[in-house]
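Model the full assembly from the supplied sequences, consistent with the hints where possible.
Protein chains: 2
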Amino acid sequence: MPPSDRIRDHAGQGATTVAAHRARRRLRADQARQLADLLRHQLLAGGFPDGTLPHETTLATDYRATRNTVRQALDLLRAEGLVDRLPGVGTVVVARKYPHGLDCLMGLAETLREHGRVTNEVRTMGPAPAPAPVAERLQVKPGTDVLYIERLRRLGGLPLSLDLTYIPLDLGTALLGADLENTDVFRLLETITGQRLGHAAITLEAVNADTHSAAVLEAPHGAAVLMLERLTHLADGRPVDLEFIRFRGDRITMSGLLHRSA
Amino acid sequence: MPPSDRIRDHAGQGATTVAAHRARRRLRADQARQLADLLRHQLLAGGFPDGTLPHETTLATDYRATRNTVRQALDLLRAEGLVDRLPGVGTVVVARKYPHGLDCLMGLAETLREHGRVTNEVRTMGPAPAPAPVAERLQVKPGTDVLYIERLRRLGGLPLSLDLTYIPLDLGTALLGADLENTDVFRLLETITGQRLGHAAITLEAVNADTHSAAVLEAPHGAAVLMLERLTHLADGRPVDLEFIRFRGDRITMSGLLHRSA
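Residue numbers (numbering that gives the first Met the number 0), protein chains in the order written: chain A, 0 to 261; chain B, 0 to 261.
Check the hints yourself; a few may be wrong.
[Unchecked claim] Cβ pair distances, simulated, as ranges:
#	chain 1	residue 1	chain 2	residue 2	range
1	B	175	A	118	49 to 57 Å
2	B	125	A	93	32 to 40 Å
3	A	181	B	93	25 to 33 Å
4	A	113	B	102	21 to 29 Å
5	B	124	A	135	43 to 51 Å
6	A	18	B	24	50 to 58 Å
7	A	181	B	103	31 to 39 Å
8	A	116	B	140	42 to 50 Å
9	B	22	A	186	30 to 38 Å
No lab work stands behind these hints: they were computed from the structure.
Think of the CB as a built atom: it goes at the ideal place given N, C-alpha and C, for glycine as much as any other residue.
This is the structure we're talking about:
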C-alpha cells in the first residue's frame with residue numbers, strides 16, 4: 000500500500016490512535032488474504048477464460064471490499080507469480096497451475112497430457128550403491144547397485160519439476176537404453192515388467208527451494224516447492240521406484256477426493 | 000560452504016579450469032540435495048529416535064559421500080529449519096513435522112490426537128454475505144449470509160495453520176455458541192446435523208507466505224506454506240464447509256496411498 004493511500008485513509012477521521020491504526024491494518028490484511036484466496040480459486044478453476052481479471056471497482060463491488068483491499072489482494076497474487084498488472088489492460092493471468100491428480104497413480108506425461116508435452120532432461124543416470132534407507136524401501140541389500148536417475152521435467156518447455164529416482168538394477172538396466180527424454184518411468188516399468196503398477200505411498204510437503212534447486216528449476220531463490228516423496232509398487236506388491244520430486248509451487252496443484260470413512 | 004573449504008578443495012589439483020570448477024560445484028550441490036532428501040525421509044520417519052543425527056564422518060561412510068557433501072546436505076536441512084548444529088553435541092533434530100492423512104477425511108484434532116493437543120484461536124467469526132464463488136460452492140444464493148470463521152490453530156502451543164472457513168448460516172448459527180477453541184468444526188458439524196460427513200474435494204499447493212500470513216503463523220517472511228483448499232460435504236451430499244488452510248510447511252506433511260486403477 001503506497002503511503003499516500005494510508006494518509007488518505009485517515010484523512011478526516013480525526014485523532015487515530017496507533018492501536019486503532021494497527022487494528023485497521025491487520026483487518027485489511029486479513030480481508031486481502033480472504034479475497035486473494037477466493038480469486039486464487041477462481042483463477043485455478045479457469046474462471047477467467049480470457050486471461051483478464053475484472054476491473055478493481057468491479058471486484059470491489061462483487062466482493063463487497065474496499066478498493067484498497069482489492070489492490071492488496073491482487074498484490075498477494077502478483078507476489079505469488081499468478082497475475083501481473085499491465086498498464087492499459089488491467090490485471091492479467093500470467094501463470095497457470097496444472098492439476099495433478101491425487102486420486103490415482105499416474106506418470107506426469109499421462110496426467111498432464113491435455114495441457115502440453117512433457118519432456119525430460121536427464122541430468123544424471125547410472126548405477127550407484129543403494130544407501131541404507133533406499134535399500135530398505137526398495138527391498139534390496141544395502142550397498143547393492145540401484146539405478147539413480149536425475150531429471151529436470153518440463154511442460155511446454157518450462158521447468159516443472161526436478162525428480163530424483165531410484166530403481167532396482169534388474170529393472171534399471173533395461174531403462175538405460177530407453178527413451179527417458181520423452182517417456183514416463185511408470186510407463187517404461189510397466190513395459191519392462193509386463194505388469195501394471197499397483198499402488199504408491201506418497202508424502203507431500205511444502206519447502207523453500209535451496210539456491211541450487213531454485214536455479215535448476217529457474218525459480219526465484221527460496222521459492223515454495225511442493226515436495227513429493229513416492230514409493231511405487233508393482234501390482235504384485237514389489238517396490239520398484241522411489242522418487243523425490245520437487246514441483247515448482249507456482250506451476251502445480253494436487254487435487255483429490257477424501258472420504259470420511261476409509 | 001565456507002571459502003576456506005573451497006580453496007582447500009582445489010589445493011594440489013594443479014590448474015583447474017573455471018568450467019571444471021563449476022561442474023564440480025554443481026555435482027556437489029546435486030549430491031547434497033540427494034543426500035538431504037534421504038536424511039529428510041529418515042528424519043520424518045522418526046529414524047533418529049534420540050534426536051541426534053550420526054556424526055558427519057559416519058554419515059559420509061554410510062552414504063559414500065564426501066564430508067563436504069554431508070556438510071552441505073546438513074546445511075540444506077538446517078535452512079529448512081529441520082535440524083540445528085549444537086557445539087559439542089552435533090546435529091540435532093529441532094523441528095518435527097506432523098503427518099496429516101490423505102486417505103480419509105479427518106479434522107485436525109482427530110488426525111493429530113497422538114501428537115498433542117490442538118487449540119484454536121478464533122480471530123474472526125460472524126455472518127458475512129457470501130461472495131459468488133463461495134455461494135456457488137456452498138449452493139446458497141450469492142449475497143446470502145454465511146458464517147465466516149478465521150482461526151489460528153496450534154499444536155502444543157505452536158502455530159500450525161491459519162484456517163479461513165465458510166459455512167451455510169443455518170448450520171453456522173449453531174456454531175456461534177460452540178466451543179470452537181477446543182473442537183474441530185468437523186465434529187461440531189456432525190453433532191449439529193446428526194449425520195456423518197461424506198467426502199471432501201481437496202486441492203493442495205505450495206506457496207510462499209505473504210508478510211502478514213507469515214507473521215500470524217510466526218514463520219519467516221516468504222516461508223513455504225502448504226495451502227489446502229477443501230470443500231466438505233455431508234453424507235447426503237450437501238456441501239457444508241469451505242476452507243482455505245495455510246499449514247506451516249515446516250510443521251506438516253500429508254501422506255496417503257495412491258492406486259494405479261481408480
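Provide an ascending list of the numbers of those earlier hints which the structure does not satisfy. As far as the earlier hints go, only 3 is violated by this structure.
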